[in-house]
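Student: Note that the protein sequences, when read in sequence, are chains V and H. Note that numbering that gives the first Met the number 0 gives residue 20 to position 21 of the first sequence, counting from 1, and the numbers run on in steps of one. Note that numbering that gives the first Met the number 0 gives residue 447 to position 448 of the second sequence, counting from 1, and the numbers run on in steps of one.
Don't read these hints as lab results, they were simulated from the structure. This one's a predicted model, so the numbers in the text were calculated from it and none came from an experiment. Treat the hints with care, since some could be wrong.
In silico contact screen, one side only, chain H against chain V (beta carbon under 10 Å); selected entries [said to hold, decoys possible]:
{"hint": "1", "residue": "F300"}
{"hint": "2", "residue": "A324"}
{"hint": "3", "residue": "V325"}
{"hint": "4", "residue": "P333"}
{"hint": "5", "residue": "H379"}
Using N, Cα and C, we set each Cβ at its ideal position, and we do this for glycine too.
The lines below spell out each chain.
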Amino acid sequence: MTATTHVEDRRRRRLVEHAAGVWSATSRYAAVLVLLVGIFVYFSITQDRFLTSANIENLLTSVSILWVVSMGMTFVVLTGGIDLSVGSLLALTGLIISQLFNDAGLPAWLAVALAVLAGAVIGGGVNGVLIGRFGLSFFVVTLGTLVLYRGIVNIWSDTKTTYVVSPFVDGIGFGELIGIPTPIWIMGATFVVAFVVLRWTYFGRDVYAVGGNIEAARLSGINASRTLILVYAISGLGAALGGAIQTGRLGAASPLVGEDIPLQAAAAVLLGGTSFLGGVGGVVGTAVGVLFIGTLQNGLSIAGVSSFWQQVVTGVILIAAVAIDRIQQSPSGRFGRRADAAGHGPTSTAEPRREGE
Amino acid sequence: MTALLAATGLHKRFGGVHALRGADLEVAAAEVHALVGENGSGKSTLLKILSGQLRPDGGTVAFDGREGTFANPSEALRRGIATVTQETTLAPELSVAENIFLGHRLAKRVGLVDWRRTRRLARTALDRLGLHIDPATPVKRLRPDQQQLVEIARALSVDARAVILDEPTSSLTDDEVEALFAIVRRLREEGVATIFVSHRLNEIFALADRVTVLRDGRTVGEAAIGDLDRPRLIHLMVGRALEEVVAPETAVEVDRPALRVRGLRLPGVLEDVGLDVGAGEIVGLAGLVGAGRSELLESLFGLHAASGSVQVAGREVRRRSPLRAVRDGIAFVPADRKRQGLVLQMSVRENLAMASTARTFRLRVPSAAREAAAVGRAMHELDIRAHSPQLPVSTLSGGNQQKVVLGKWLATRPSVLMLDEPTRGVDIGAKGEIYRLLLAAAQEGLGVLVSSSEIPELLVLCDRILVMFRGRIVASLTRAEATEARIAHFAGGHQ
Chain V
0 MTATTHVEDR
10 RRRRLVEHAA
20 GVWSATSRYA
30 AVLVLLVGIF
40 VYFSITQDRF
50 LTSANIENLL
60 TSVSILWVVS
70 MGMTFVVLTG
80 GIDLSVGSLL
90 ALTGLIISQL
100 FNDAGLPAWL
110 AVALAVLAGA
120 VIGGGVNGVL
130 IGRFGLSFFV
140 VTLGTLVLYR
150 GIVNIWSDTK
160 TTYVVSPFVD
170 GIGFGELIGI
180 PTPIWIMGAT
190 FVVAFVVLRW
200 TYFGRDVYAV
210 GGNIEAARLS
220 GINASRTLIL
230 VYAISGLGAA
240 LGGAIQTGRL
250 GAASPLVGED
260 IPLQAAAAVL
270 LGGTSFLGGV
280 GGVVGTAVGV
290 LFIGTLQNGL
300 SIAGVSSFWQ
310 QVVTGVILIA
320 AVAIDRIQQS
330 PSGRFGRRAD
340 AAGHGPTSTA
350 EPRREGE
Chain H
0 MTALLAATGL
10 HKRFGGVHAL
20 RGADLEVAAA
30 EVHALVGENG
40 SGKSTLLKIL
50 SGQLRPDGGT
60 VAFDGREGTF
70 ANPSEALRRG
80 IATVTQETTL
90 APELSVAENI
100 FLGHRLAKRV
110 GLVDWRRTRR
120 LARTALDRLG
130 LHIDPATPVK
140 RLRPDQQQLV
150 EIARALSVDA
160 RAVILDEPTS
170 SLTDDEVEAL
180 FAIVRRLREE
190 GVATIFVSHR
200 LNEIFALADR
210 VTVLRDGRTV
220 GEAAIGDLDR
230 PRLIHLMVGR
240 ALEEVVAPET
250 AVEVDRPALR
260 VRGLRLPGVL
270 EDVGLDVGAG
280 EIVGLAGLVG
290 AGRSELLESL
300 FGLHAASGSV
310 QVAGREVRRR
320 SPLRAVRDGI
330 AFVPADRKRQ
340 GLVLQMSVRE
350 NLAMASTART
360 FRLRVPSAAR
370 EAAAVGRAMH
380 ELDIRAHSPQ
390 LPVSTLSGGN
400 QQKVVLGKWL
410 ATRPSVLMLD
420 EPTRGVDIGA
430 KGEIYRLLLA
440 AAQEGLGVLV
450 SSSEIPELLV
460 LCDRILVMFR
470 GRIVASLTRA
480 EATEARIAHF
490 AGGHQ
């Protein structure tokens with residue numbers, strides 16, 4: 000082989016690798032993105048009332064709570080965990096707003112700000128410390144806090160809904176700025192912040208490192224405990240923001256809200272291609288996952304399909320998406336070969352784990 | 000010679016990796032046949048095909064006159080090929096007898112386990128190996144060498160015609176190795192074929208009758224042991240003569256050591272360990288697996304709560320922890336690169352910058368410019384062969400991955416560099432490069448502490464070698480005093 004062909008060969012290989020890298024980064028949620036576009040087009044054609052600005056606005060505001068919770072949840076899943084307590088924490092936040100505003104008489108904006116802050120502190124202080132500092136299983140801990148917070152909410156509220164009558168809180172649910180509803184602004188803001196933090200800070204890098212290989216991260220001097228605590232604080236923050244939007248939408252704090260949020264958020268994150276093993280994925284995929292769930296539910300509702308059938312469809316698609324994840328991670332591209340191939344084939348192909356790389 | 004086992008032209012692919020591309024192996028009955036090759040040469044894939052764990056993509060296997068590969072491990076066992084691997088596959092809570100008959104329980108007619116016959120046959124199998132232990136003892140109470148023998152007893156209990164021993168000696172003392180070899184020789188007299196894998200070449204010359212050499216998935220040589228010598232065998236394994244790395248004589252400032260350890264204790268593991276590593280000195284840690292070498296390094300890095308005094312560059316380091324290691328000037332390259340050293344999905348650049356930026360304010364932007372110095376220097380000086388530092392580190396070869404781990408720590412500008420098995424899973428070519436990098440680091444004034452189970456490696460690298468036995472440092476040998484035999488002598492617990 001002459002020197003020139005060798006150089007050309009290398010250049011070509013680099014190009015191919017780059018192309019493969021870009022493809023595999025988007026391919027983590029490409030299937031769901033294609034499905035999303037597909038059902039969007041399908042509903043636009045078959046349902047007159049689907050592709051109207053009022054319905055799109057409605058679709059987006061109806062997923063706004065799921066969206067902000069899922070953004071926070073993405074951080075947790077990236078470290079290889081799941082936060083099951085977000086739904087109960089969401090309800091607890093509503094109650095804190097109501098207590099601070101109605102009973103303590105604080106101004107509404109301060110009540111909301113303190114409640115959202117409390118969500119982060121509770122998420123990091125309980126889930127985060129137990130998982131990050133004491134090394135308990137994320138599943139057991141967040142399952143425990145799911146039940147615990149719901150219990151506290153029921154006791155504290157006496158299972159009654161309390162109204163929160165305030166123009167500020169009302170504005171969170173129904174206000175508009177330059178013609179766009181507040182919940183959509185909050186969605187945009189959480190997405191941008193989450194994307195920037197994950198992509199362009201050392202903390203974001205820590206999240207991927209801890210999720211990819213916590214032992215190697217620790218041995219490199221990264222404070223893995225602190226990273227985990229912060230990740231659960233962020234998840235708590237997302238849940239609390241969701242609680243604030245929920246309170247605004249209802250104009251009240253209800254002890255019943257948010258029960259199906261943790262599983263829906265986990266579904267959205269996993270649909271979006273973030274691996275439940277951690278270290279791979281990101282919030283762009285989560286956005287696609289949330290929009291997919293929202294569009295499916297919105298379109299099926301317009302088409303008159305019962306919410307029970309919506310659940311069936313969502314469940315099937317979630318399992319399909321996780322199966323796709325498994326196939327992608329398997330070196331030989333098939334099920335069942337993983338055990339055989341362990342330690343032989345490359346453990347991972349040229350696959351950037353972050354979006355847009 | 001009629002072959003008992005003949006594998007011809009085996010091919011096996013894993014995704015893009017061609018693990019075997021025409022491997023042959025012929026083993027006669029009553030023969031000890033060594034299978035050698037570097038890491039990644041296809042040894043384990045070949046063994047897995049012979050033991051029924053994998054099926055080849057091409058090629059044939061004939062055993063005892065019958066053609067055909069094995070569908071699964073139990074078929075291989077039934078036809079008479081038994082495997083003893085490096086990690087014991089015994090159930091620790093079960094008795095020796097139960098372990099020996101694991102997988103082929105002796106049943107009475109109604110389907111219940113025939114315990115009396117199980118114990119009697121276990122007794123016979125153990126006696127055959129000269130192992131005098133009660134078959135009712137739980138396996139977890141046995142020493143590692145006894146456990147290994149139980150595995151061999153299990154292999155023989157099925158009347159195996161061929162036994163595969165995959166690195167059986169890595170955790171054994173010299174005496175235990177001798178005892179194992181005596182058993183293998185006795186099996187040879189009984190007509191059993193043994194396929195023996197070891198990375199210790201002197202063991203191969205001591206035990207084997209014939210040798211098959213694998214390189215890059217191909218059989219590159221097959222010879223009687225008498226027709227080979229060490230350099231020729233290495234030449235076959237590596238494909239070229241090995242460049243000798245020669246460490247220069249160094250002037251060491253031992254009065255101002257880079258690392259000074261006094262009275263280090265970790266209950267049950269380390270006993271009163273004291274050592275000095277001078278600035279510019281390379282000190283080796285030798286000893287058997289389980290002697291406490293890894294635990295010593297890990298304790299110095301703060302992974303275990305060991306008591307005692309540790310000074311780095313003259314400063315006492317009290318609260319040791321990986322979080323403080325960079326500040327304290329301690330660097331640690333762990334033994335298991337994939338599990339402890341690297342985040343495989345992350346890029347070469349992110350891995351290289353991981354330790355030196357671990358104390359940076361976390362909301363700062365990791366800019367290429369800020370890391371360019373550390374990353375560029377590492378890529379250049381360590382000669383890391385990657386198309387781009389943006390590629391996932393998993394795409395690099397083992398040697399280049401190890402250089403990334405090394406570069407990650409050199410970028411923190413430590414006073415002490417500790418390495419555990421620095422060349423495990425690295426091909427011989429990359430080994431030489433890593434040696435050179437360590438020598439260069441020492442010349443720049445670092446104190447280097449290397450733990451290795453490969454004594455020749457320590458002999459090449461180290462100014463001084465400390466030998467550990469059961470948690471203590473039992474000998475300190477200078478470069479002039481150290482020989483392989485002497486180190487093995489102390490490592491086996493002899494005075």
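Student: All the hints need checking, so say for each whether the structure fits it.
Tutor: Hints versus structure:
1. F300: holds, 8 Å
2. A324: At about 6 Å, which falls below the 10 Å cut-off, the nearest Cβ of chain V leaves the hint on A324(H) intact, so it holds.
3. V325: holds, 5 Å
4. P333: This interface hint holds because 6 Å falls under the 10 Å limit.
5. H379: Interface hint status for H379(H): violated (18 Å vs cutoff 10 Å).
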